[in-house]
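In the order they appear, the protein sequences are chains A and B.
Numbering-wise, our numbering puts 214 at position 98 of the first sequence, and it's gapless, one number per residue.
Numbering-wise, our numbering puts 196 at position 195 of the second sequence, and it's gapless, one number per residue.
Taking lysine-lysine pairs in the PhoX-like style, the calculated list, with each CA pair at most 25 Å apart, reads: (1) K118(A) / K55(B); (2) K49(B) / K167(A); (3) K127(A) / K32(B); (4) K127(A) / K49(B); (5) K91(B) / K20(B); (6) K219(A) / K154(B); (7) K34(B) / K127(A); (8) K118(A) / K49(B); (9) K127(A) / K55(B); (10) K192(B) / K80(B); (11) K225(B) / K219(A); (12) K6(B) / K16(B); (13) K134(A) / K49(B); (14) K127(A) / K184(B); (15) K126(B) / K26(B); (16) K263(B) / K26(B).
If we take Cβ atoms under 8 Å as the criterion, some of the chain B residues that face chain A in the derived model are: (17) E52; (18) E56; (19) Y152.
Just so you know, these hints were derived from the structure itself, not from any lab.
C-beta: ideal position from N, C-alpha, C; glycine also.
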Amino acid sequence: MKISIVTPLGKIFEGEIKEATFPGSEGEFGVLDGHAPLVTTLNPGVITLKKVDGGEEVIAVNWGYVEVTPDHINVLVDGAVPVAGSSESEIAEAIERAKQLIKDATDSDALVAAVEAKIESAARSI
Amino acid sequence: MATLKELKAKITSVKNTQKTTRAMKLVSTAKLKRAEEALLMSREYARKIDEVIKEISAKLASIKDSISLRAFAEINEVKKVDLIVVTADKGLCGGFNIQTIKATLAKIDELKAKNIKIRLRVIGKKAIEYFRFVGIEMYEEIEGLSSAPNYEKAAEVIEKSYEDFVNEEIDNIILIYNGYVNKLTQRVHVKELLPVEVESESKEEFLEVEPTDDYEMILESLVKKYLEYTMYYTLLDSLAGEHSARMQAMDAATNNAQEMVKQLTLEYNKVRQENVTRELIEIVTAIEAMKKK
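Put together the whole structure using the sequences plus the hints.
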């Protein structure tokens, strides 16, 4: 299924994926191919994408929408930081920016801590 | 006829002007490239948000009557509107700013003829200076935003209008700006933002909405995003337009200067030759006069 993640400043990710997990406002949820149509808002958190080639993509977002249809997903977010990079220093910088994005978006320390843990663990698997 | 010295000074001065205009053109070219990129990047978001609003509203068309959002309602009597005008902060870009101002004046006349009250909110120093000069009252003046578009500030501007719209203080928001088409053309846009256009034919499709059944919340926040984004995009578009207009104006100025240098050099040479001829005649006559003695 196709997914596109866009912010007002540009496209973050577009491509074919197998599975996606979103930090929905009513709780985290996963989407597989053929999901029922759904519209929901997102909380600050991380979107995890499982790509067709088995690779994983982790993107921190602060706030946004997801529109799911059986064959594609549209994600509109205010701010997004992909946790990725070609070198260790780049990854470390991406992690810092992702954490900052989440911190700016929420007052809840528990949420920040939870998301940070997720970002860290995702970064380890890169 | 001007003396050689005067002509020389003139040529140097025109050449200097030419240098300045050429430099300004180069600067604008570079800035335009950046503005163009930002524009392209954010166009994707525009396309998506339009798509999402259309899709959701089409799916919700069957329950449309139960949605009480003013942004989707039809407004029968328009009494007061917000007119948001965007121009550049700087001049030297040909007719770029004045085109927008003219379009604004035309719109103001049109609205006044219909007895609609206007709240003029102006972004950009050039339009502010103009309206101040002709004595048209402005509701809000914002400087510095059009030369450095910023999403948060753009959102702030439009949010105020939207709040007043929801509180029924105003009935529409009209956006006027000069946008970028390509490197040689800009076009003035006059956009009425509300009510938001929706698909009227309903798709009988199942759609789950979370938080459960709170369509209004989702739609309203989407509309807000849409407005915020439109405002931001307008600023980007206007900035790209400004740079392309300035590039053109400076290019024309450089060419004109070039032409002027050519003319002046021609004149300079003519004067020089005349002087040489005159001096020669003087010498020859003097010799001839001496020979006769």
